[in-house]
Amino acid sequence: MNKKVMVAMSGGVDSSVAAVLLRDQGYDICGATLKLFSDEDVLTSCRTRTCCSLDDVEDARSVCYKLGIEHFVFNFKETFQDEVIRKFARSYEAGITPNPCIDCNRYIKFSKLIQRAILMEKDYIATGHYAQIGFDSVSGRYLLKKAVDLSKDQSYVLYVLNQHDLSRTLLPLGGMYKTDVRKIAEERNLINARKPDSQDICFVKDGDYAGFLENMMGVESKKGNFVDPEGNVIGEHKGIIHYTVGQRKGLGIALGKPAYVINKNKEFNTVKIGSEEDLYSNRLIASDLNMIALEKLTSPMKATVKTRYSQKETEAVLHPEGEDSIVVEFKDKQRAITPGQAVVFYDGDIVIGGGAIN
RNA sequence: UAUCGUGUAGUCGAAUGGUACAGACAACAGACUUUGACUCUGUGUGUUGCGAGUUCAAAUCUUGCCACGAUAA
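If you count the first sequence from 1, position 72 lands on 895 in the working numbering, and the numbers rise without skipping.
What the hints contain is simulated information worked out from the structure, not anything from laboratory work. Every residue gets a Cβ at the ideal spot worked out from N, C-alpha and C, and that includes glycine. Each hint should be verified, as a subset may be incorrect.
[Said to hold, decoys possible] Dumping the calculated EDC-like pairs for lysine to aspartate or glutamate here, alpha-carbon to alpha-carbon at most 16 Å:
1. K1135 <-> D1170
2. K1072 <-> D1031
3. K827 <-> D847
4. K1154 <-> E1138
5. K1080 <-> E1100
6. K1135 <-> D972
7. K1018 <-> E881
8. K1006 <-> D1020
9. K1018 <-> D878
10. K1095 <-> E1053
11. K1045 <-> E916
12. K827 <-> D946
13. K826 <-> D851
[Stated by the list, open to error] Quick list of simulated restraints, FRET-style, between CB atoms:
14. K1006 <-> N1092: 48 to 56 Å
15. K827 <-> V961: 24 to 32 Å
16. E1138 <-> K1006: 30 to 38 Å
17. N1088 <-> V896: 43 to 51 Å
18. N1088 <-> R909: 22 to 30 Å
19. R1017 <-> S960: 39 to 47 Å
Using the sequences and the hints given, assemble the complete structure.
The structure is reproduced here in structure tokens:
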């Protein structure tokens, strides 16, 4: 009896090819596309480069039709609104910089979708993420590993997966190179073979997330002061939500040398501006942890660490701290460590775990 | 009030009296990126504060006015 797999199909090339590969491997598959927000809310008159618009649903359906498999559309709008969009807004209000893609993985794809799949008696879900899942018989734990195509590796945004999620998930693209994925899509004549990779926040049109927060989410954005490291006022900012640590563009401030956001102070509604060197620090505290390769960190360990997506890893030592925190000490100072972003710990290709930066 | 100094692109600032802006920063646009960012590449016609004068030629010299700054009483 073939294993049953529900493939999360965004309408893009990756998840479509994932479906093709699984079917070729003999799985009994069906496709599922998630409706995460109303198109009216996002205005997708032209073909956007987001991942879940109406056109994308059509593309997914078309691919499923071609493969001769069932296609479902699940409406997760409410959960998405609550767990992803609202949290996104609250984070910005609190002066930190969220990563909605990770929340979407945690609360939608690898939570709601798995539940639904189990309800429908599927054995697994599958996605088009570039990462690999393995099982370590020594520790008895499922492992998350980097993709073979390191330039496309997405293990960073999957660090939130728990053992149960991992045991129920297939990532057929983990061993593939992107160029080959496109090639397969071409060969199979998939409608989205040449569709551009998705990017930008999927629920925010034209990348204007600050406008989205103000207009759609009712987030207030009060003007305030830019201050230098000594506390002198050096200009006026448009509101704290417009900035993130390490940001250079859009400050409108000319100091004769590049100026960056060093941090944001919610209490005084100020944004501290400094030079590139002011951005570096050698430690951070991670909380809201999710450990994968081990149950819990009980003693210090060496690891390589990423403090943001598409950044190369750096050496560090992890120190357990209290119940649910880890202090990360870097060998070399790191640039623009940003509260709200994820920090992910690696041992070679293996994801040890990760957490949110405080 | 007097004396001195300064006034060039959005900002800072180059430019032996020779037909205007090197550079930096900002801004804008692309590229990169399934978050926010960083990074990379590309993009600069403005009455050189206003007016008069000297000169073949003035941002540059002289001078009046204006603005700003400093010093002096």
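So, going through the hints one by one against the coordinates:
Pair hint K1135 plus D1170 holds up; C-alpha atoms about 14 Å apart against a cutoff of 16 Å. Straight-line distance between C-alpha atoms of K1072 and D1031 comes to about 14 Å, which keeps the hinted pair within the 16 Å bound. Between K827 and D847 the alpha-carbon distance is near 13 Å, which keeps this suggested pair within the 16 Å criterion. With a C-alpha separation of about 6 Å, the suggested pairing of K1154 with E1138 holds against the 16 Å cut-off.
Simply put, K1080 and E1100 have alpha-carbon atoms about 12 Å apart, close enough for the 16 Å limit, and the pair holds. Restraint check: the Cα-Cα separation between K1135 and D972 comes to about 14 Å, which is no more than 16 Å; the hinted pair holds. Of the supplied pair hints, the one linking K1018 and E881 holds, its CA atoms being roughly 13 Å apart against a limit of 16 Å. Among the hinted pairs, K1006 with D1020 is consistent with the structure: their alpha-carbon atoms are about 14 Å apart, no more than 16 Å.
Straight-line distance between C-alpha atoms of K1018 and D878 comes to about 12 Å, which keeps the hinted pair within the 16 Å bound. Among the hinted pairs, K1095 with E1053 is consistent with the structure: their alpha-carbon atoms are about 9 Å apart, no more than 16 Å. Between K1045 and E916, the direct Cα distance comes to roughly 11 Å. Compliance with the 16 Å bound is thereby established for this hinted pair. Only pairs whose Cα atoms come within 16 Å are accepted, and K827 paired with D946 is accepted, the gap being roughly 5 Å.
Of the supplied pair hints, the one linking K826 and D851 holds, its CA atoms being roughly 6 Å apart against a limit of 16 Å. The hinted range of 48 to 56 Å is satisfied by K1006 and N1092, whose Cβ atoms lie roughly 52 Å apart. Hint check: K827 to V961, Cβ distance near 30 Å, so the stated range 24 to 32 Å holds. Remark: the range hint 30 to 38 Å for E1138 to K1006 is upheld by a beta-carbon distance near 36 Å.
The beta-carbon spacing between N1088 and V896, approximately 44 Å, falls within the hinted interval of 43 to 51 Å. A beta carbon spacing of about 24 Å between N1088 and R909 agrees with the range 22 to 30 Å that was offered as a hint. Distance hint check for R1017 and S960: the Cβ-Cβ separation is about 42 Å, which falls inside the suggested range of 39 to 47 Å.
Going down the numbered hints, you'll see the structure goes against none, and every one checks out.
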